[in-house]
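Undergrad: Here are the chains, one letter per residue:
There are 4 protein chains.
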Amino acid sequence: MSGNFGSDNVTGAHPAILDALVAANTGAAASYGADEVSTRLEARLAAVFEHEVTVFPVISGTAANSLALAQLCPPWGAILCETGAHVAVDECGAPTVFTGGGTLWTMDGEAGRLRPGDLRARLAGSRAGDQHQVQPAALTLTQATECGTVYTPAEVQALAEMAHGHGLGVHMDGARFANALVHLGCAPADVTWRAGVDVLSLGATKNGALMAEAVVFFDRAKAENFLYRRKRMGHLVSKMRFLSAQLEAWLADDLWLRLARQANACAARLAHGLGQRGLALEWPVEANEIFVRLPVALAEALEGAGFHFYAWGDPPTNGAPGLYRLVTAWNSTDVGIDAFLTTLDALRPAAA
Amino acid sequence: MSGNFGSDNVTGAHPAILDALVAANTGAAASYGADEVSTRLEARLAAVFEHEVTVFPVISGTAANSLALAQLCPPWGAILCETGAHVAVDECGAPTVFTGGGTLWTMDGEAGRLRPGDLRARLAGSRAGDQHQVQPAALTLTQATECGTVYTPAEVQALAEMAHGHGLGVHMDGARFANALVHLGCAPADVTWRAGVDVLSLGATKNGALMAEAVVFFDRAKAENFLYRRKRMGHLVSKMRFLSAQLEAWLADDLWLRLARQANACAARLAHGLGQRGLALEWPVEANEIFVRLPVALAEALEGAGFHFYAWGDPPTNGAPGLYRLVTAWNSTDVGIDAFLTTLDALRPAAA
Amino acid sequence: MSGNFGSDNVTGAHPAILDALVAANTGAAASYGADEVSTRLEARLAAVFEHEVTVFPVISGTAANSLALAQLCPPWGAILCETGAHVAVDECGAPTVFTGGGTLWTMDGEAGRLRPGDLRARLAGSRAGDQHQVQPAALTLTQATECGTVYTPAEVQALAEMAHGHGLGVHMDGARFANALVHLGCAPADVTWRAGVDVLSLGATKNGALMAEAVVFFDRAKAENFLYRRKRMGHLVSKMRFLSAQLEAWLADDLWLRLARQANACAARLAHGLGQRGLALEWPVEANEIFVRLPVALAEALEGAGFHFYAWGDPPTNGAPGLYRLVTAWNSTDVGIDAFLTTLDALRPAAA
Amino acid sequence: MSGNFGSDNVTGAHPAILDALVAANTGAAASYGADEVSTRLEARLAAVFEHEVTVFPVISGTAANSLALAQLCPPWGAILCETGAHVAVDECGAPTVFTGGGTLWTMDGEAGRLRPGDLRARLAGSRAGDQHQVQPAALTLTQATECGTVYTPAEVQALAEMAHGHGLGVHMDGARFANALVHLGCAPADVTWRAGVDVLSLGATKNGALMAEAVVFFDRAKAENFLYRRKRMGHLVSKMRFLSAQLEAWLADDLWLRLARQANACAARLAHGLGQRGLALEWPVEANEIFVRLPVALAEALEGAGFHFYAWGDPPTNGAPGLYRLVTAWNSTDVGIDAFLTTLDALRPAAA
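Protein chains in written order, with the numbering used here: chain B, 156 to 507; chain S, 156 to 507; chain X, 156 to 507; chain R, 156 to 507.
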């Protein structure tokens, strides 16, 4: 349904990715990642990132994030992240169990982005070597953020340097990495290893795959023993070619970037339309998520008209407008965006 | 490659299952299992098992087993299983981490099947209520077993009754459940809940799916809080329809049984051929795995001729024949089996 | 050293408690808590609290808190507490590991006490039943608080009712419970089970014991399986009589209350003296901790004169006075307090 | 009661150790191990073992073993031990939880001692680098063993070399280390670091202390981050001087060796007496444990006469004699042993 802005994970898969599954379904193949498709994938990602990489395909963003963070954070460690980060609020404690008991230290960001000053203060205030306290071990940045904003390479670098200076590893939750990348217009390397990222969760599921994410290590030493963690968490897929094939097709011919551009363009169109109508955007729309203030009655009327999206954060009080999140995706269309805006115009007088 | 008897997971997917993915790829769908395909799947499995069920599709057998066992076994509990069980030797300790620190108690079986007397003795010897010792909490039976044999309903029932009598829950690792079922020729219910099984890991991956297993609870109360465990282990798939669709197609028109019959028939043909040639089968061939003693030189010659299979257990000494495992699958063919036997005949004089 | 105000755990043990160890050291005694002293202890605590109780002596407050909380909070649960609570900042993540991966949700309190409105909002904002989020499971209140303040029975009751209304269990961290109790002047029952507390960590170590705390369950059902947890965490002491004897002597003849009164009286004397001198107390002094603003130079001069106490929180900037914590104990004396004040007077002109 | 042979933990504490507590109870002392007694203890143990050491006093053998093993074994690792080892059967899974999910691999020994051939085979049969299987990480030897026997330095060395050769760390569970040492008559170093032991759990509780064990690292690098593990497991004692003082007094003037000699001598006297009476000792009596076959009626009659000891292993069938364990301790006496034998003589005709 083109009117479903609930999440980018309500979409199906891009046909080219389904085709790749069919193509991979030929003959016998070594299991557990020793197949040819999986081997090619690592080389492909090395080319994409202009750097040697160690790659582990997995089936969910939660798995990718938690497996990656467990490589950086011991049981007595702390993972520093923004308050609204997916790892902190949407994974039911997964990083804690994967790290064997690690702790999340959250900091309120600005439009979803951590502020260097806050990170500096938090690191300065941690008691290094004090046995009574968990020890900062990893920084995780969400790119694009949960507010639909994007860190610039310079912003990533500033935070990563600070983290490295205190001995922390740096992870990037890239569930919407492609959306961030096309916004920035930079090379994948610029906003990852060149900016200090040690390991990336590269998400394809929200951007055209069925279920496929890649944990990409730029520092191979940090991948040591990953394979045991993956297996004991149940995340080693036996017919690995069917994961790798999704990722290979997604990267081929810049499909991932084209899909992300489409999602972002529709988000920009929607943001523009909302702005023209005097509706307040909560944060700049830099990727494929729009956060907008709407009168509650109008939001309900839009839902009644068949559009789907979520209320965000605490419910409004005293008749104030509510905050709503709309997400565009790789298969969003101008027609769909315009239909939403037209319906909104039609409903607005009655709802207001 | 038709000559790959390494495992049933070297095979691809059945075309009908790929077709189902394409069919499921229509429009937007609610994520996390609230979609229509997933809803239909639970009803379908209730019909298959003639019992109400609570169903959770996951992507690997290790995840299915460990998530199921975690529902039955507290951190201070013990899971009783056969020495060679997949949970004990092939999952890198997954049941331990999913249960929060549970322990596996292994018992040597007979051709992979636990003996009631051994279970009785082990339960009698456990010190119930003794705070110094982990407490037996779950019994897990592998069906078909790791030796390619099959428990009868009566055998399952005898063990399950004993387990229930001591307060244990009963799990069945059904990575090759379909292969066992067609061997038995009974109803799915007969060898599961009617025989005392509380929860089943129903495996489709080895039998025609890309990656799809279902955790099937016959006792819904035992499924409480499963959804939190699944999520925090990274096993909640956002585009769930793509897991459910595989399972739905696999069950439709008895595809799962037809595929298992094909695998079993090829295994029987291979076993018969090996027997005719005077080669010793280690255990009865009741499903799709053959364990055979071969002169090491012959095994190596077969590998050299392009066939693939694994040596099993400890390496032979003093020129004794080795033990080898060959696995047939849903796409094995009589032609492929005969080619193996013909090659074996050709190589045998030279190798001997 | 009477001038050590660093913590109440720098003190030794009260002679009566050492005498009790000697008295308990007679003949053989059943191990692991089946001895006579341990049996008597449970009866004694039932009398003290006017309620049946299940009691487990342990050797540290961290163990007591974490073992108690693990009974209330599943791996996917959240424990709600004040931001500065010992469980949150001084136990190196112990509650996380004991609960098998639970999460701490912190809320800023007022002088260390949680505000009902904040708890209400946090519970209202939690997404009950949402598999993506950890589920609130326990409330823990520190009595006396980390700010040296005390919850009244009515305050405990208001918070506990709210917690129970959402299905949470209620724990009290009573590392300084005796200090709180003598401040309140109420019965032990009034501020525990009568106010809705399900389980109490009752601390004796800071108040005259060598190392002894008791986990006291008022709801016996909530103690189920505690003995396995305790053992597997290494906290089952074999010669239990030596733990129980400390607690028994501590409770006998109201020794625990007398010692707490002495500590509190000295704290009050110190607070009064500081106030008289125009020095600002950060929070009301209701137990045995004093938080006071001192010029940094004065604090350093006092340290130089042989007094010991800790700077608290973030270091002051721009020449502002610093915040310091001084803790009195069961063996503090008026003479010691007056010596501190006299020295302060002597140093003050020079330091200012 | 001198007739209690149930365990060496039914005894109280040696008076010199209680005296040491009183002596340590002077003035204020820095908490958490920064006190003078704790500092002296590390130097003392370095002298005892003729090697630099890093020492952590804890309150139970389970804590000492599990904390030590967690330093050697990652969550995906296996700890190799004898089938009857305390860590395997008497700690309710503690090593599993402390290691974050490690696995115990047990091997049947000979009179409690692991055989080099079995260890060699087990290590050879492990699949190093195979992600499906837990990886051997630590060897733990119990000294004296659970059968009351003792490894010679050469035996320890042979096993430790094998373990080190496969990259495993070597731990010694020395709950009864002193008893083993006085049997061997060698230097403490000879049977620990000189023989390849990396870390020792040195037990004092069973040999005269109230509750005190020391984790002694001979390889300081292996102690890294131990302090965080100890704290988060609730095993950091605030008034550490009261743990350290026990250990210091226990080591002073060879008290630990004198107490162990007394226990061993009484065990030898008892073993000799039983042998003279034609009663079968199950294993050589080399420390302070005696395993003897007794007619069940005789054992019951002895219990009836006020002696206490435990039946061991599976109950006897068909009227065969049972196996019983008797443990002598630091405060056992010749008189007590003779009283037991005399009573046995008196009861034997009637019981037989």
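In short, the hints are calculated from the structure, not lab data. No experiment lies behind these values; they were computed from the predicted model shown. Fair warning: there could be bad hints in the mix.
A pair holds if it fits inside one copy or across any two, identical chains being indistinguishable in the list.
Stated by the list, open to error - Calculated lysine to any residue pairs in the SDA-like style (CA-CA distance at most 20 Å, straight line): (1) 377 with 275; (2) 377 with 229; (3) 377 with 316; (4) 377 with 201; (5) 377 with 271.
Undergrad: Compare the structure with each hint and give your call.
TA: Evaluation of the provided hints:
1. 377 with 275: Intra 24 Å, inter 31 Å, cutoff 20 Å: neither.
2. 377 with 229: Classified as both; 13 Å inside a copy, 15 Å across copies.
3. 377 with 316: within (17 Å within a copy, 29 Å between copies)
4. 377 with 201: Result: close within a single copy only, 16 Å intra versus 36 Å inter.
5. 377 with 271: neither (25 Å within a copy, 35 Å between copies)
Checked against the numbered hints listed earlier, the structure breaks hints 1 and 5; every other hint is satisfied.
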